[in-house]
Amino acid sequence: MAWNDLQDAMAGHGYVASDDLSVALHLALSLGRPILLEGAAGVGKTEVARVLAAVQDTRLLRLQCYEGLDAAQAIYEWNYQRQLLSIRAAAEDGETGASVEARIFSEDFLLERPLLAAIRQDKPPVLLIDEIDRADEEFEAYLLEILADYQITIPELGTIRAVTRPIVVLTANGTRDLSDALRRRCLYTYVDYPDRATELAILSARCPEIEMKLAGQIIGFVQKLRKEELEKAPGIAETLDFAAALMGLGVADLTDDPAVLQATLTTLLKTQSDQASITTEVAQRIAGRAA
Amino acid sequence: MSRVTRFAARDPGPAARVSGFLAHLRENGLRLGVAETELALTALTQVDAAVPVQSKRALRAVCTGCREDADRFDDLFDSFWLNGGRVKQKIVPSKGETAKDHVHSSRVAQGAPATGAGEATAPDGGSGASEGDGLGKLMATEVTNLMKKDLRDLVRPEDILAAERVALRLGAALRDRRSRRRKAARKGDRLHFRRVIRQSLATGGQPFDLPKKHRPDRLRKIAAICDVSGSMSVYAQVFLAFLAGLMRADQTADAYLFHTRLVRITHALRDRDALRALARMSLMADGFAGGSKISHSIGRFADTHAKRFVDGRTVVLILSDGFDTDPPAAMSAALSRLRKRGCKVIWLNPLKGWRDYEATAQGMAAALPYIDLFKAANTLEELAGLEPELVRL
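Protein chains in written order, with full-length UniProt numbering: chain H, 1 to 291; chain G, 1 to 393.
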């Protein structure tokens, strides 16, 4: 499959990918390398993984990272409650120590977490490691072993090798700087806010019933809004919410009713100071220029 | 006319060109290993490599690792592959290349023989032309250096070494006790379940021993922002040495300079060669010893870099005299935005304690409510003396 076939296939699933992103994803698939996507919140990084899974017709395994995430929640954990019960039961049955040990540290007592699950699938799944920058440096170190060799070592069971290589998508939005070691192992693409044409294509792919005139106005408005000084510029998800809100309210033209426009801005502006800075006058000025 | 670079006839082939390109990227500061060359070649087989825009996309995905690199990549690619059809002669560096001055630049090594030579050519302690000539040359270099404000003349290697030691101690003083991750430990607040089960096996499932886990100490990150405006130039020597030392001692630290603009100098200062690091820094600090826009620069920092590098475990160290050309209100706005990242802010001011100081710097007064620690410091010794204060922070 060439990269533009992948681009078309993703478009078929409602994801309009830029050329840069499509080539990078194509390489990630054909070279079997993890891909690191960076970009502001709301530019569709997580969605890439979901669509990729749909295109490849495979499972999506998602690991949401957070501070303090450790091996027990990301890779595997023993089922301690079952182990305790089993030991007590064994003591009553008079089972010997060695066989109890062999039994309670077997697969039956292992709780699979996303990373272990990902390397034990028959069909290569898409493994989404979301917001890797939220996890701390120690976790990156775990990840390096898995991304380099696709194997996991469990002291009691031995090393588990990957049945198939998962397609790994990592996303980051810059909570902290990632280590060079991790960046080296990944292909890299910076996902930016889409340009006007791309965003229009995304909007018409996601809301096919929208009128072209309103769609053009919405995209113009959002693109202009991103150039204002905002704490949090609206992403694509916000644009789609905005369009859905306007359609739900039956608005045909953005400049018709200032009050409605101002009310629907809650879908775009997500901090108090941003809402305060985009007053009705400012919104009207932007809408007027966008129209 | 094709813009594609014409390579010399003796060029051995595409593989050598690609490795030449990776060497070109390395020279320009991208961190790439041998494995990347292989990966780049494999990647090119997956796209239509004869189309420049496609191979550019493929190589960008392979060779870049962060946004700064990705932004610079287009220019680097064009300068190597698309330099307007001119013949590119040096593709494969010859094996016998010995002089790598750009890798191990060292002004000390170059300087020392020069003084010896000077003495040798003036054996008679002469009064005439030879001495005058030497003096004249010396004067000339001094003047150009002053004009360019070469930071290497402000900071000596010994200063950096001393600063490195101070920075190490300060970093150690900033210990944090808030790691969320737990580790096995003799004393702790939670049970270490894995060990409990493991050890209870020996006693038939009765957990007699209860191993614990606790939250270990974690170093805080330091982000240092240094003012190099005109009013600070007297203190620049100390602070720049401190920054250079800090970056060498602490791999997680982050450094910025500002006068009227803000520049990130972390990568430049991480250079293994201390003096070359300073040279790179002086190239970036264009406008050194000019005016100062403190609030504007701190605001820029809060809006851009702080979103990536500053979190609740970061200490932001501001080294500035607080003489700001922006209004005081801008200062409080900028600092309050920075504080929202959850960091601690320490302001080290060389002028604090001067008699008339309080009245003049209004920006400083506006900043005070947002600062966790406000101290005077203008020598390395005073910086080292901050250690007990940082422990208490």
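Wrong hints could be hidden among the right ones.
With a cut-off of at most 30 Å between alpha-carbon atoms, the simulated DSSO-like pairs for lysine-lysine come out as follows [as the list claims (entries may be wrong)]: (1) G:183 / H:227; (2) G:183 / G:344; (3) H:270 / G:340; (4) G:375 / H:232; (5) G:375 / G:340; (6) G:307 / G:344.
Think of the hints as simulated: they come from the structure by calculation, not from any bench.
Hints and how they fare:
1. G:183 / H:227: violated (46 Å)
2. G:183 / G:344: Holds, at about 26 Å.
3. H:270 / G:340: holds (16 Å)
4. G:375 / H:232: It is violated: about 34 Å lies between the C-alpha atoms, which goes past 30 Å.
5. G:375 / G:340: holds (22 Å)
6. G:307 / G:344: holds (15 Å)
Of the numbered hints listed earlier, those contradicted by the structure are 1 and 4.
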